[in-house]
Amino acid sequence: MKTQRLLMELEEQVMGIIINAGQSRSLCYEALGFAKKGDFASADARMKEAAHFAREAHLVQTQLIEADEGEGKTKMTLVMVHAQDHLMTSILAKELVTELIELYRTRQA
53 MKTQRLLMEL
63 EEQVMGIIIN
73 AGQSRSLCYE
83 ALGFAKKGDF
93 ASADARMKEA
103 AHFAREAHLV
113 QTQLIEADEG
123 EGKTKMTLVM
133 VHAQDHLMTS
143 ILAKELVTEL
153 IELYRTRQA
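Taking our numbering, the leading residue of the sequence shown gets 53, the next gets one more, and so forth.
Any given hint could turn out to be false.
With a Cα cut of at most 25 Å, we get these calculated BS3-like pairs of lysine-lysine [said to hold, decoys possible]:
id, residue 1, residue 2
1, 88, 100
2, 125, 54
3, 54, 127
4, 100, 89
Because the hints were derived from the structure by calculation, they are not lab data.
Please put together the full structure from these sequences, using the hints given.
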């Protein structure tokens, strides 16, 4: 029973990474859309919001890593790998979109 509860808690944490990382990535692309139109105030606001969701996802990832203590205590699952993929692609999107927004900003100046 305790094992089942722990697995459910782990699954909730992993889903939190997926949801927050996905939200961050979506907001980054919304920001890019605003930048394309020259609305940099909205682009900056979306990027700030995206950073919040990215921090939330990264916080959960850090908690899971700390709980494992590098000892392989936590059994890896496909959904955990999926969550890591979401987190990494959202980080990459944030970095690339930040650069693209700056390019649009300098083009419009």
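Hints, one by one, checked against the model:
1. Proximity of residue 88 to residue 100 is assessed by CA-CA distance (about 17 Å); at most 25 Å being required, the pair is judged to hold.
2. Only pairs whose Cα atoms come within 25 Å are accepted, and residue 125 paired with residue 54 is accepted, the gap being roughly 16 Å.
3. For the hint linking residue 54 to residue 127, the alpha-carbon distance of about 16 Å falls within 25 Å, and the restraint holds.
4. A threshold of 25 Å between alpha carbons decides the hint, and for residue 100 with residue 89 the separation of about 18 Å falls inside it, so the pair holds.
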